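A.B. asks: Sequence:
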Amino acid sequence: AFHAFWADVVADEIEARDPDEPIVIKGGVSPSGVAHLGHFNEIMRGYFVAEVLRDRGREVRQVFTSDDKDPLRKVPRKLANADGDIVGLGEVDAGALGRNLGKPYTEIPDPFGEAESYAAHFAGLLKADADRLNVPVEMLSNTDLYADGTFDDAVRTVLGDVERVREVLSPYQDKVDDEYVPFNPVCEACGKVTETVTGIDLERET
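Residue 167 in this note's numbering is what sits at position 167 of the sequence shown, and the numbering runs on without skipping anything.
If you're looking for bench data, these hints aren't it; they were derived computationally from the structure.
Among the clues, some could well be false.
What the hints assert, rightly or not - Only pairs whose alpha carbons sit at most 27 Å apart, straight line, appear in this in silico DSS-like list of lysine-lysine:
no.	residue 1	residue 2
1	K127	K175
2	K69	K175
3	K78	K127
4	K78	K103
5	K175	K78
As the list claims (entries may be wrong) - Restraint-style ranges between C-beta atoms, simulated for each label pair:
no.	residue 1	residue 2	range
6	L101	V158	42 to 48 Å
7	P171	E114	41 to 47 Å
8	E179	T206	27 to 33 Å
9	Y146	P171	25 to 31 Å
10	A82	P19	35 to 41 Å
11	F5	N134	45 to 51 Å
12	K74	G113	20 to 26 Å
13	D12	E91	26 to 32 Å
14	W6	T194	35 to 41 Å
None of the values given here were measured: they were computed from a predicted structure.
Each residue gets a CB set at the ideal place from its N, CA and C atoms; glycine is no exception.
From just these sequences and the hints, can you work out the full model?
C.D. replies: Written out as structure tokens, the structure is:
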């Protein structure tokens with residue numbers, strides 16, 4: 001199999017850390033709509049590195065997270081059905097998408113009425129594309145990972161020292177100011193993702 005030189009270099013850097021196995025190669029995208037080359041580039045870059053490590057006898061998991069806690073920020077102009085065919089908004093209930101603007105992708109119905117949610121529909125299409133190319137990627141839902149507590153320790157660490165997080169991020173992100181909180185809550189009233197944080201209570205996990 002052909003491997004680009006950069007993948008060998010990255011694999012060298014990984015092995016230099018003497019990692020435990022299986023080695024996890026991680027990527028992820030937001031299931032915002034029709035997949036494009038940028039989405040699949042995220043999968044293929046990880047795949048090339050994973051294949052180099054496998055050729056060296058390493059056990060590897062390629063994990064890809066669907067950032068499905070992200071909000072739907074705008075109604076897409078086009079969609080892809082379960083077969084991957086591009087369709088216009090006239091073939092779905094576009095009004096339902098408009099009414100759910102700002103909500104997490106997992107809380108929005110599949111426009112085609114087949115998958116569990118908008119997120120599941122588009123993440124499923126991306127996984128199907130990977131399968132067609134024989135890329136053995138594990139697709140995980142961030143919504144599920146939040147729900148099962150996988151992120152609990154990381155969230156407590158970050159929210160327990162917000163000042164330090166601001167110091168680290170401020171050189172790289174313009175929006176980081178004295179009021180910045182590295183967490184976007186979901187409004188209990190409307191179900192939409194918001195940047196307005198009224199308070200943090202780590203003991204009550206709210």
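A.B. asks: Could you work out which earlier hints the structure fails to respect and list their numbers in ascending sequence?
C.D. replies: The structure conflicts with hints 1, 5, 6, 8, 11 and 13, although it agrees with all the remaining ones.
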